[in-house]
Amino acid sequence: NAGVTQTPKFRVLKTGQSMTLLCAQDMNHEYMYWYRQDPGMGLRLIHYSVGEGTTAKGEVPDGYNVSRLKKQNFLLGLESAAPSQTSVYFCASSPPPGRITYEQYFGPGTRLTVT
Amino acid sequence: AQSVTQPDIHITVSEGASLELRCNYSYGATPYLFWYVQSPGQGLQLLLKYFSGDTLVQGIKGFEAEFKRSQSSFNLRKPSVHWSDAAEYFCAVPLEGNTPLVFGKGTRLSVIA
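Chain order of the listed sequences is S and V. In this text, residue positions in the first sequence follow this note's numbering: the first is 3, and each later residue adds one. In this text, residue positions in the second sequence follow this note's numbering: the first is 11, and each later residue adds one.
Treat the hints with care, since some could be wrong.
Pulled from the structure, derived: some chain S residues nowhere near chain V, Cβ distances all over 12 Å [claimed, not checked]:
{"#": "1", "residue": "Q8"}
{"#": "2", "residue": "R13"}
{"#": "3", "residue": "V14"}
{"#": "4", "residue": "L15"}
{"#": "5", "residue": "Q39"}
{"#": "6", "residue": "R46"}
{"#": "7", "residue": "L71"}
{"#": "8", "residue": "L77"}
{"#": "9", "residue": "G79"}
{"#": "10", "residue": "E81"}
{"#": "11", "residue": "S82"}
{"#": "12", "residue": "V90"}
{"#": "13", "residue": "Q106"}
Under the rule of at most 30 Å between Cα atoms (straight-line distance), these lysine-lysine pairs were calculated in the DSS-like manner [said to hold, decoys possible]:
{"#": "14", "chain 1": "S", "residue 1": "K11", "chain 2": "V", "residue 2": "K59"}
{"#": "15", "chain 1": "S", "residue 1": "K16", "chain 2": "V", "residue 2": "K115"}
{"#": "16", "chain 1": "V", "residue 1": "K59", "chain 2": "S", "residue 2": "K73"}
No lab work stands behind these hints: they were computed from the structure. Remember, predicted model here, so these are calculated numbers, not experimental data. Backbone N, C-alpha and C define an ideal beta-carbon position, used for all residues, glycine too.
Hey, can you work out the whole structure from these sequences and the hints?
Listed below in structure tokens is the structure:
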């Protein structure tokens with residue numbers, strides 16, 4: 003049981019390049035999330051998904067797109083990377099609230115640098 | 011709107027000393043409350059959570075937290091800190107009526123000999 007995994011762990015992009023971050027979970031969780039972490043800012047929600055085929059915007063969605071084609075995967079895309087997107091990106095998953103948990107399980111993070 | 015405030019950005023304690031990390035929340039109803047820990051270069055790990063019932067909750071690694079509704083607080087405590095507790099600690103509350111968590115900005119804990 004690997005939990006939540008993220009690919010890649012590190013990446014350096016040039017301004018204007020595109021890339022996709024992959025998140026996978028093997029816990030059969032319905033809900034998945036993408037956060038970014040910046041020094042002094044805590045974690046901020048980018049997008050989230052409450053089930054396969056659904057996505058919703060979080061606090062800082064601009065410049066990012068997401069897709070949830072399969073229940074176990076949640077992809078985060080940067081179409082045209084900007085230096086302001088230099089950050090550490092965390093994926094998380096959770097059971098639906100009917101299970102009365104709200105507890106989220108986090109991946110190890112992807113460190114992205116945009117030059 | 012739901013929010014979480016962690017007033018202390020950085021705290022330094024001596025190994026073996028007691029620890030209290032502060033968390034204040036803004037939430038319309040009875041909140042669910044969480045504390046997560048992030049070791050350097052790692053993801054976040056759940057320390058403990060409060061849903062209802064006993065206001066003093068026990069977590070992993072010897073941590074506990076107390077929910078005080080009158081003070082809108084959920085402070086994290088540990089009676090004797092170990093060097094391995096050096097990390098960043100985040101308090102969190104769900105968006106009301108929704109599932110994503112809203113995180114505080116974090117408190118970085120340093121432990122000195």
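Structure-based check of all given hints:
no. : hint            : verdict
1   : Q8              : violated (8 Å)
2   : R13             : holds (16 Å)
3   : V14             : holds (17 Å)
4   : L15             : holds (20 Å)
5   : Q39             : violated (8 Å)
6   : R46             : violated (8 Å)
7   : L71             : holds (20 Å)
8   : L77             : holds (18 Å)
9   : G79             : holds (19 Å)
10  : E81             : holds (23 Å)
11  : S82             : holds (26 Å)
12  : V90             : violated (9 Å)
13  : Q106            : violated (6 Å)
14  : S:K11 to V:K59  : holds (28 Å)
15  : S:K16 to V:K115 : holds (29 Å)
16  : V:K59 to S:K73  : holds (26 Å)
Checked against the numbered hints above, the structure breaks hints 1, 5, 6, 12 and 13 and satisfies the rest.
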